[in-house]
Structure formats: structure tokens, C-alpha cells
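Heads up: the sequence shown begins at 562 in our numbering, then just goes up one per residue.
If you're looking for bench data, these hints aren't it; they were derived computationally from the structure. One should not assume that every hint holds.
[Unchecked claim] Each computed DMTMM-like pair below joins lysine to aspartate or glutamate, with the alpha-carbon atoms no more than 20 Å apart:
#1 Lys887 with Asp869
#2 Lys776 with Asp737
#3 Lys776 with Asp716
#4 Lys887 with Asp862
#5 Lys887 with Asp837
#6 Lys687 with Asp787
#7 Lys700 with Glu758
#8 Lys687 with Asp755
#9 Lys687 with Glu707
#10 Lys656 with Glu681
#11 Lys781 with Asp737
#12 Lys700 with Glu681
A quick note: this is a predicted structure, and the numbers were derived from the prediction, not measured.
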Amino acid sequence: MLIYLVFNIPLTVKLLLLYGFLFALNQCVFARTYVSIVSESESIEAPNSNGESEEDDPKYELVVNDINLCANVANNTLLPDITNCSSYINCIDGKYASTGSCYEGTAFDTLCKNNTGNCELLFDYKYQTCNYATDENVKCLPMCEEYNLTSFCYDRTCTKYVLCYFGIPVLRECHDGLQYNAETDRCDFSQYVDCVENECSAEKDVTNIVYLPSKAGCSKYFICSDGTPWPQTCTSGLVFDITCNCCVPAGNVECQMTPQQRNIQPYSRSPPRRADIICPAHGVHFYAHKSRVDAYYYCVDGNGVTLDCTPGLWYDSKLRECRQPKYIANN
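Make a model of the complete structure from these sequences and hints.
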């Protein structure tokens, strides 16, 4: 009788029950995702001493409308939905094409029929498919913590990341060849990150093996298989040669890559430094630092912190991100 009742519940009721279940678990769902729409002048200067911005009623929109999620992403690559772990975004020609849901067209398997597992379906961005919601099967994007300053990468892009403060996730993007460094929570030079996920995602044919050189070392390289990069290292004394996709004696290839040792404390592992300005009471805002070119202020609903650029980068008020100085001068 119970089975009969379950299968005869209207679809809309089932969806409402499922949504309630997800809400109760409070997993893999972001509460809010938005950025403030401000003019160039507002993004360059900090607010006045009263904490008032020039726009009395700031507007907000989902961050995916502000940054092109699909830029530099291979055709038919599925990206995770920042706001819902059960949804995904399909990219074609570097543009948003469609949104899909793991609820659509799915069916019960023996695990669910026997009621022995979690039958909630979530999108697994690593394997580009929907899978059942167990820790072993699928990984959701992290949740923003309520008060802490943290960040995490937006997978398969190398350049996009999510910056979190007071529970609000804001999508960010590195420019001009810079990549997001999860070890430092900010945009960095590619030789310190060595991300090739966006390049490998274009190679989804399991029969076509593609080799990519490392940006961090001459003896390192990647093998792309089915869109996934696998790091490799040549035997001692050998370096990777892109002309033969093989390891050769070091003297046969011109390669000089020796990233310097640095000591950069990540935001997520150090106490946030309170901004020395009064932030607007509402919204998400980015402002240039009052006295430093390599730092900026990040304000969330009246709470402000000071963030540093990676050494060698300056804050660009127009793009509201850290960049190489030579590109800022050309704006």
C-alpha cells in the first residue's frame, strides 16, 4: 500500500517534498549569490565618512549575469551551478547554452528500490554526470561559511573562483593569463598554479591522448584523457619536449622555469584585516585602497576587510580585480 501511495503522488507534490528535504539538509545550496552594480567612479573611490554610497538604492543581480561562466570553456562542457548542486550549466562556443537538472529523466536503480541509499541526485562536475548523493560518489561545490573570509575554485575554468564573506558567495575572475591559486585564495601567476583543466576539458575523446606542458617546471607535463588532466614528471635529468611529447635530455630543449619561493598567507588561514573605511550598509562592493596600489577593500553588508594582491599585481578599479600593472596602464 505504501509503495502504491508513493508512486501515485502527483509530480508537483513530489518535487515540493524533495525541495523540503534538500532545505532541511541545507547541503550544496547557496543561500544568496549576488554582486552590486556600481559605476566606474563608485568602484574607484571608497564611500564617504558617513558610509553612504552615491547610489541610494543599489541594485543586485546574480553573479552569473556579471561574469561569463562559459568564457574559455570547451564546447559541451558541463559546469556546476553555484546555487544548486543538483543543477548544471552547458557551455557552447564560450557562451551559456542551457541549464539542466539531475531530477529530469532520471530513474530509480536497485539501490533506491531497496531503500538502502541516498536517492538524491547531484551533479558531479569531475565526471560530468549526475550521481547519487553519497560522499564517495559526488562532490558539491563548498558552502560559504557564515562569517569567515574564504574562497574556492570554480572547477574546469582555472580563472574563476568564489569569494565568500559573511555567508555570501561572489563569483570572481582572474584576467590576462592569471589563474586562481587555491593555496593563497587569490589570482596568481600561472607558474605558481599550473592549472590546465580548461585546456584538458576540450579533449573528451577517450581514444585521443593529449599532452600539455607544465607552466611550473620543465620536467613536468600533463596527459589529458577524457577531459581530465593527469600530472606527470620526467625522470631526473630529463625535461618534457612538446615537439615529440616525450622526455628528453635537458640540454636538448630550451626551458627555464624556476618559480621563486614565496610566503603568502591565504585569506582563509589568517584573521581578516578590518577595512579602515566605513562600508555601505547593504550590498557587495569593491573599492581601491586609499594609499596602496596592491590592495583593495571588500565590503559585504556593512562589513569590510582589506585584501592584498599577489606580489607583482595591482588592483584594477575598472575590473575590480588584481592584474599586472602593464595591463592597467593600457585601460
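Consistency of the hints with the structure:
1. Lys887 with Asp869: holds, 18 Å
2. Lys776 with Asp737: Status holds; Cα separation ~15 Å.
3. Lys776 with Asp716: Cα-Cα ~18 Å, so holds.
4. Lys887 with Asp862: Violated, because 33 Å separates the two Cα atoms, which is more than 20 Å.
5. Lys887 with Asp837: Answer violated: Lys887 to Asp837 is near 28 Å, above 20 Å.
6. Lys687 with Asp787: holds, 11 Å
7. Lys700 with Glu758: Distance ~17 Å between Lys700 and Glu758 Cα, so the pair holds.
8. Lys687 with Asp755: Holds. Lys687 to Asp755 sits at ~18 Å (cutoff 20 Å).
9. Lys687 with Glu707: violated, 27 Å
10. Lys656 with Glu681: violated, 29 Å
11. Lys781 with Asp737: violated, 23 Å
12. Lys700 with Glu681: Answer holds: Lys700 to Glu681 is near 13 Å, not above 20 Å.
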